[in-house]
Amino acid sequence: MIVHLRRSITFALICMVFFGFVYAFAGTGVAQVLFKFQANGSITANGSTLIGQNWSSPKFFHGRPDDFGPYAANATTHTSGGDNPLVANGSSGESGATNLGPRSKVLLADTKALVAYWHSMGVNPTPDLVTTSGSGYDPDISPQDALVQIPMVAKATGLSASSLTSLIKSQTHAAQFGFLGTSYIDVLQLNEALAKMR
Amino acid sequence: MAFFLTLLALVVTLGLSWRYLGSYMAAVFDGRVHFLGLVERPIYRLLGTSPEQEQTWKRYGGALIIFSGVSFIFTYVILRVQGSLPLNPQHLGAVSPALSFNTASSFLTNTNWQNYGGETTMSYFSQIGALTVQQFVTPAVGIVAAIVLVRGFSRKNSSAVGNFWVDMTRCLFYVLLPIAFIAGVIFVGEGAVMTLAGTATIHDVLNQVTQTMARGPIAFMEAIKQLGTNGGGFLNANSATPFENPTGLTNFLSIYLLLSIPFALTYTFGKMVGSVRHGVALLSVMVLLFGVWVGFTSFAEHQNNPAVAAAGIHSTVGNTEGKEVRFGDTSSALFGVASTMTSTGSADAAYDSFTPIGGMGLLSGMMLGEVTPGGTGSGLYTLLIYAIIAVFIGGLMIGRTPEYLGKKIQAKEVKLAGLAALIMPITVLILTGIAVSVAAGKAGPLNAGPHGFSEILYALTSQGNNNGSAFGGLTGNTPFYNIIGAIDMLIGRFAIMIPVLALGGALAQKNVVPESLGTFRTDNGMFVGLTIGVILIIGGLTFFPAISLGPLVEQLSHGRFF
Chain E
1 MIVHLRRSIT FALICMVFFG FVYAFAGTGV AQVLFKFQAN GSITANGSTL IGQNWSSPKF
61 FHGRPDDFGP YAANATTHTS GGDNPLVANG SSGESGATNL GPRSKVLLAD TKALVAYWHS
121 MGVNPTPDLV TTSGSGYDPD ISPQDALVQI PMVAKATGLS ASSLTSLIKS QTHAAQFGFL
181 GTSYIDVLQL NEALAKMR
Chain B
199 MAFFLTLLAL VVTLGLSWRY LGSYMAAVFD GRVHFLGLVE RPIYRLLGTS PEQEQTWKRY
259 GGALIIFSGV SFIFTYVILR VQGSLPLNPQ HLGAVSPALS FNTASSFLTN TNWQNYGGET
319 TMSYFSQIGA LTVQQFVTPA VGIVAAIVLV RGFSRKNSSA VGNFWVDMTR CLFYVLLPIA
379 FIAGVIFVGE GAVMTLAGTA TIHDVLNQVT QTMARGPIAF MEAIKQLGTN GGGFLNANSA
439 TPFENPTGLT NFLSIYLLLS IPFALTYTFG KMVGSVRHGV ALLSVMVLLF GVWVGFTSFA
499 EHQNNPAVAA AGIHSTVGNT EGKEVRFGDT SSALFGVAST MTSTGSADAA YDSFTPIGGM
559 GLLSGMMLGE VTPGGTGSGL YTLLIYAIIA VFIGGLMIGR TPEYLGKKIQ AKEVKLAGLA
619 ALIMPITVLI LTGIAVSVAA GKAGPLNAGP HGFSEILYAL TSQGNNNGSA FGGLTGNTPF
679 YNIIGAIDML IGRFAIMIPV LALGGALAQK NVVPESLGTF RTDNGMFVGL TIGVILIIGG
739 LTFFPAISLG PLVEQLSHGR FF
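If you read the sequences in order, they're chains E and B. So for the first sequence, this note's numbering puts the first residue at 1; every next one is plus one. So for the second sequence, this note's numbering puts the first residue at 199; every next one is plus one.
If you are wondering where the hints come from, they were derived from the structure by calculation, not from laboratory data. Glycine residues also receive a C-beta, built at the ideal position from the N, C-alpha and C atoms. Please note that the accuracy of each hint is not assured.
To be verified - Here are the simulated BS3-like cross-link-like pairs (lysine-lysine), alpha carbons at most 30 angstroms apart as the crow flies:
| hint | chain 1 | residue 1 | chain 2 | residue 2 |
| --- | --- | --- | --- | --- |
| 1 | E | Lys112 | B | Lys640 |
| 2 | B | Lys640 | B | Lys708 |
| 3 | E | Lys105 | B | Lys613 |
| 4 | B | Lys640 | B | Lys256 |
| 5 | B | Lys606 | B | Lys708 |
| 6 | E | Lys169 | E | Lys59 |
What the hints assert, rightly or not - Anything over 12 angstroms on all C-beta distances counts as not near chain E; from chain B, calculated:
| hint | residue |
| --- | --- |
| 7 | Glu250 |
| 8 | Pro295 |
| 9 | Gly631 |
| 10 | Ala638 |
| 11 | Arg758 |
Said to hold, decoys possible - Here are some chain B residues pointing at chain E (derived, C-beta under 10 angstroms):
| hint | residue |
| --- | --- |
| 12 | Met199 |
| 13 | Gly235 |
| 14 | Gly327 |
| 15 | Ala328 |
| 16 | Ser357 |
| 17 | Ile377 |
| 18 | Ala398 |
| 19 | Ile400 |
| 20 | Leu404 |
| 21 | Pro415 |
| 22 | Ala421 |
| 23 | Ala547 |
| 24 | Leu644 |
Model the full assembly from the supplied sequences, consistent with the hints where possible.
So this is what it looks like as structure tokens:
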């Protein structure tokens, strides 16, 4: 009994050192040396390519109608509105989905509101554009989600539909190795390329 | 097409690790692997033990229980005092007593149920020094418990079942650590975050957005989270967040990692008992059930979401609510089934927003008792419990004393196996009954109607099976759910593990009966079918009424919204 207890405490301390701190610190060291950019959050001039943002202007392509984009514990101000007339995640300051069930009246009303919003912008929305993501800040849309927004962006920017189509094509990332995941477009990169065209 | 290629790639990679990781683990637990002897030997010296000092099942179990108690206290105390500890760039305060109790139970039992959002609750010290540590330790505890049961079959006339400290050390250093470290590097390379620098704030001049984003030492926790079938993520939305699971490749890697050890342990079992055919039989049980669940759940998620359809949007890309674009519908469903059928419980999509049948796939996958393939170690030992019951039933049918691998299965073994098989359903159903009867329980669900019931049922099923995934709408951080959930998790882990160790001890003492013409074969298709039958009948008889009140009613109520 006592010998079990002594060994247990010793072993728990060994585990805390090796599998907690040595593992995490060595991992951080290796990550910062080999993949500094990724390890720090893939942050580019206008934000992380892995964290979705709100795009409120019709001059830009919009992402999924997620709530506030990213947030942290100490985020006090949110930039709600824009492409997101819904308050999807509440305001808990955490990543997360709506968690609304498939037969939820709230989800039905939210989806109807989003469909009406897109129609008012002159867009015939795809399923991705009227539903929220799992993380609450999906950075990507599918090529189809971008193509349907062309009428809105073309009207607001004066760019031709064909130039926007070729922009979308050039920004499409294929599925990895051709089959892992889906083909997608990073909304931030797409809009940065769009801004350069103007 | 892409989905079938994904499945094919999974079959190939898992097949390789079944064969090679499986035989490697057998070598590790037989004491034939020594490349980290420089670390291993000083640890034995510090503990005052050695591989030669083997224990009876009672001493082995005693060490396991006391070590678990100490681990629980470590985790609890760190969470309670994290506000005064270093590595806390967000200056997060102490975790409340009820939530600390629930979280310490959750990580102790390999459940990783999370009644908190990681980025707003846990300091880096807690994530590293308490939670990641448990993510290494608890899968090792599960694996060594399974190894004790395997030794029960492979040894004869022996009262010793191994040395707990030696088995743990070997499992941690030779199996979990190297694989997790390599996987961690891949996660970072693909874009998962690994920094101690705290949050980052950016300003986008194009759309005038300012964002503050939570970061942390995420990528390497991600690796062991999946490999150890833990499931508790750094961030609230778990593997749906790009900082945990950035690409299609990391999504595939996650699925591979969480399935690798549970499947491979059947080879380890076969190798250690001297009959790989017996391992193949258990693998077949796992794969057949897993395949069926992947099939219908992916099909269900490829259908439109009823609410989205009612709003006039017709989808060719499946149910997109709560799913990430980069993964898509079927891969998210595959991830969900892999995660719920392995007692991992990580999530790359919002399971609460799955279609009724898709959600039922996840829920019922757990209700089968986490054996297909189940958690690291716990999957193998729970499946062996079902195999013993199948042997018993087979023996009754042909009128002979049942045997498994030459060990007579007698009253004591059948009682222990029956106990282990029935504890989980009894606990889950009674606790669900309590939760839907009291006000504190009924206050939990976000959704109304049958889906609200499903949220409660899912929570207690998940915790009772040490899974940890959730229908996330349920508000779990209340005294009621924190405490009822902790009880559920502790019973679901230890009330099964102790009978398993006792079973291992009882079997190891027996002699081996030579095989004869009349012996009921336990390595052929007939036995695979019988074991699947036992799993489905026990799961179906206990849980079908509950399932029919939740997802089935929801599926059948066409045109109604709640």
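Evaluation of the provided hints:
1. Lys112(E) <-> Lys640(B): holds (29 angstroms)
2. Lys640(B) <-> Lys708(B): Violated. Lys640(B) to Lys708(B) sits at ~50 angstroms, over the 30 angstroms cutoff.
3. Lys105(E) <-> Lys613(B): Between Lys105(E) and Lys613(B) the Cα gap is close to 48 angstroms, so the pair fails against 30 angstroms, i.e. violated.
4. Lys640(B) <-> Lys256(B): Violated, because 41 angstroms separates the two Cα atoms, which is more than 30 angstroms.
5. Lys606(B) <-> Lys708(B): holds (8 angstroms)
6. Lys169(E) <-> Lys59(E): Within the cut-off at roughly 18 angstroms; holds.
7. Glu250: holds (16 angstroms)
8. Pro295: At about 21 angstroms from chain E, Pro295(B) clears the 12 angstroms cut-off, so the statement holds.
9. Gly631: The assertion about Gly631(B) holds, with a minimum of 22 angstroms to chain E.
10. Ala638: At roughly 20 angstroms from the nearest Cβ of chain E, Ala638(B) sits farther out than 12 angstroms, so the non-interface label holds.
11. Arg758: The assertion about Arg758(B) is violated, with a minimum of 7 angstroms to chain E.
12. Met199: The hint holds - Met199(B) has a Cβ within 10 angstroms of chain E, the shortest such distance being about 8 angstroms.
13. Gly235: violated (15 angstroms)
14. Gly327: holds (4 angstroms)
15. Ala328: holds (8 angstroms)
16. Ser357: Check failed: Cβ of Ser357(B) comes no nearer than 18 angstroms to chain E, outside 10 angstroms.
17. Ile377: violated (12 angstroms)
18. Ala398: Holds: closest Cβ of chain E sits about 6 angstroms from Ala398(B), inside 10 angstroms.
19. Ile400: holds (4 angstroms)
20. Leu404: It holds, given that the least Cβ distance between Leu404(B) and chain E is near 6 angstroms, below 10 angstroms.
21. Pro415: holds (5 angstroms)
22. Ala421: holds (8 angstroms)
23. Ala547: Result: holds, 4 angstroms to nearest chain E Cβ.
24. Leu644: holds (6 angstroms)
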